[in-house]
Structure formats: C-alpha cells, structure tokens
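Peer 1: Quick note on our numbering: the sequence shown kicks off at 1 and runs consecutively.
Hints are not guaranteed to be accurate.
The calculated lysine to any residue pairs, modelled on SDA-like cross-linking and capped at a C-alpha distance of 25 Å, are [claimed, not checked]: (1) Lys174 with Ser87; (2) Lys21 with Asp85; (3) Lys192 with Arg128; (4) Lys21 with Trp139; (5) Lys25 with Thr133; (6) Lys174 with Pro15; (7) Lys25 with Tyr94; (8) Lys174 with Gly117; (9) Lys192 with Ser56; (10) Lys174 with Ser56; (11) Lys174 with Leu37; (12) Lys174 with Lys160; (13) Lys174 with Gly83; (14) Lys25 with Pro134; (15) Lys192 with Tyr112; (16) Lys160 with Ser87; (17) Lys25 with Asp189; (18) Lys21 with Ser87; (19) Lys174 with Ala123; (20) Lys25 with Arg138; (21) Lys25 with Leu37; (22) Lys25 with Ala123; (23) Lys160 with Pro15; (24) Lys174 with Asp113.
The set of hints was computed from the structure by calculation and includes no laboratory data.
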Amino acid sequence: STDNTLQVLQTLGSPVVDLEKNSGKAEAVRRGILAALDRPADYVGFWDADLATPLSELPAFMDVMANREATQMVFGARVRLLGRDISRQTSRHYFGRVGATLISSSLGLAVYDTQCGAKLFRATPDVREVFSTPFLSRWIFDVEIIARFVQRWGRDRVAKTLVEYPVMVWHDVKGSKVKSRDFVRALRDLWKIHRAYNARR
C-alpha cells in the first residue's frame, strides 16, 4: 500500500504482515491467512479493508461455527431481505447475479455470493494446504478457494461444511466501482480456474 495503512496498523500493537512488493489482494490475503495459522487460534479469516461489511458482523459468523460442528467455513452473502441493510449499486448487483450464476455452474455448487469480502474458516491443516500456494486469479480468488476445497474434499463435503451467512449490513463504499472491463477479467479468470481445478468433476 502507498498510503499510511501500515503505520496505522502498527499503532494497534498486533502483528502485521508487511509485503515489500505490492502483489495484489489475493496474495496479501493468502500470506495473512498463513501468518494467522502460525499463531494459536480457533478461527482465521479475512475482511475487506473498506469494511463494507462491518466488523460487528464477526460474532455472528463465529456463532454459526460454534453452533454447528460440521461447519468449516462461513462466507458472508449480500442478500436483500427484510430486516437487513444491504445497499449496493444497481450495476454491481446485476453484474454480481450474472457472475454468481456462472460461478455456481462452474463449481457445481449452489453458491449465492462468493465475492462478499467477509470470510471465516476453522484453523485446520486443510486450510493451510488450500492457502499454501499462490492463487491463479487476482480478481476472483474467493472462487479459487472454493475450487481448491472441492478438489481436496469433493463437492458433497464442501456443500455440507460451507455455510453462507446473509450479513445484516453491507454498504457500497464510495470510490469503489465495478467496471465492465473488471467483469471481463473475472470471466477470464473463472475460465482459468475451471480448467485448472476441473471443479465440476
């Protein structure tokens, strides 16, 4: 990062993973998860830095884990339901629904929302293996995470252990916009992931 993010994080007194070279979000998340797994923890995860999903949602994710032993992963899902405050740009919503349909078809799983940036995992050796090597995609590495679990566990087990939790609050952050070329890049990366992991078989 070229702003003061590192300095702000260092004031918190918690361990900080500083990548000397900007390698993109996917690599930053991967390295962060591996660093977290090196410390005593029941859960590891990642949250978008813009906090479109506020950190106040985290206890609910942990409750899902605690109340269902079989659950290995909890992924946030942006679903417009009564009683929830989900505010998305119209273009993002429609691009997202088209993308989600293609992703579900590629993975062979009825995933509603892979791109919500709030995800929690049980801290297990399997998670370490899934994050052990760099991702092919810098754009939709969240899909690649699922594809790696499918390759490792099989589709049936993933379907039983991954829970999508409809977040209570999600707001588009000003200045964060989806462009048509981003959608094209995502489609290209989805094809790369599909070919690399053969996730439908």
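Peer 1: Going straight from one Cα to the other, do lysine 25 and aspartate 189 come out at no more than 25 Å?
Peer 2: Judged against 25 Å, a Cα distance of about 15 Å means the pair holds.
Peer 1: Quick one, are lysine 174 and serine 87 close enough, alpha carbons at most 25 Å?
Peer 2: It holds: about 12 Å lies between the C-alpha atoms, which stays within 25 Å.
Peer 1: Check whether the Cα positions of lysine 25 and arginine 138 lie no farther apart than 25 Å.
Peer 2: holds (7 Å)
Peer 1: Starting from lysine 174, check that the Cα of proline 15 is at most 25 Å away, please.
Peer 2: violated (29 Å)
Peer 1: Checking one constraint from the list: CA of lysine 174 to CA of aspartate 113, max 25 Å. Satisfied?
Peer 2: Holds: lysine 174 and aspartate 113 sit about 21 Å apart, inside 25 Å.
Peer 1: Check whether the Cα positions of lysine 160 and proline 15 lie no farther apart than 25 Å.
Peer 2: It is violated: about 33 Å lies between the C-alpha atoms, which goes past 25 Å.
Peer 1: Within a Cα-Cα threshold of 25 Å, do lysine 25 and proline 134 meet the stated pairing?
Peer 2: holds (11 Å)
Peer 1: Quick one, are lysine 192 and tyrosine 112 close enough, alpha carbons at most 25 Å?
Peer 2: Holds, at roughly 21 Å.
Peer 1: Hint check: lysine 160 vs serine 87, CA-CA at most 25 Å. Holds or violated?
Peer 2: violated (29 Å)
Peer 1: Decide if the proposed pair is consistent with the structure: lysine 25 and tyrosine 94, CA atoms, cutoff 25 Å inclusive.
Peer 2: holds (23 Å)
Peer 1: For a C-alpha distance cap of 25 Å, please report whether lysine 21 and serine 87 respect it.
Peer 2: violated (34 Å)
Peer 1: Check whether the Cα positions of lysine 192 and arginine 128 lie no farther apart than 25 Å.
Peer 2: Judged against 25 Å, a Cα distance of about 22 Å means the pair holds.
Violated hints, listed in ascending order, are 2, 6, 9, 11, 12, 16, 18, 19 and 23; each of the other numbered hints is respected by the structure.
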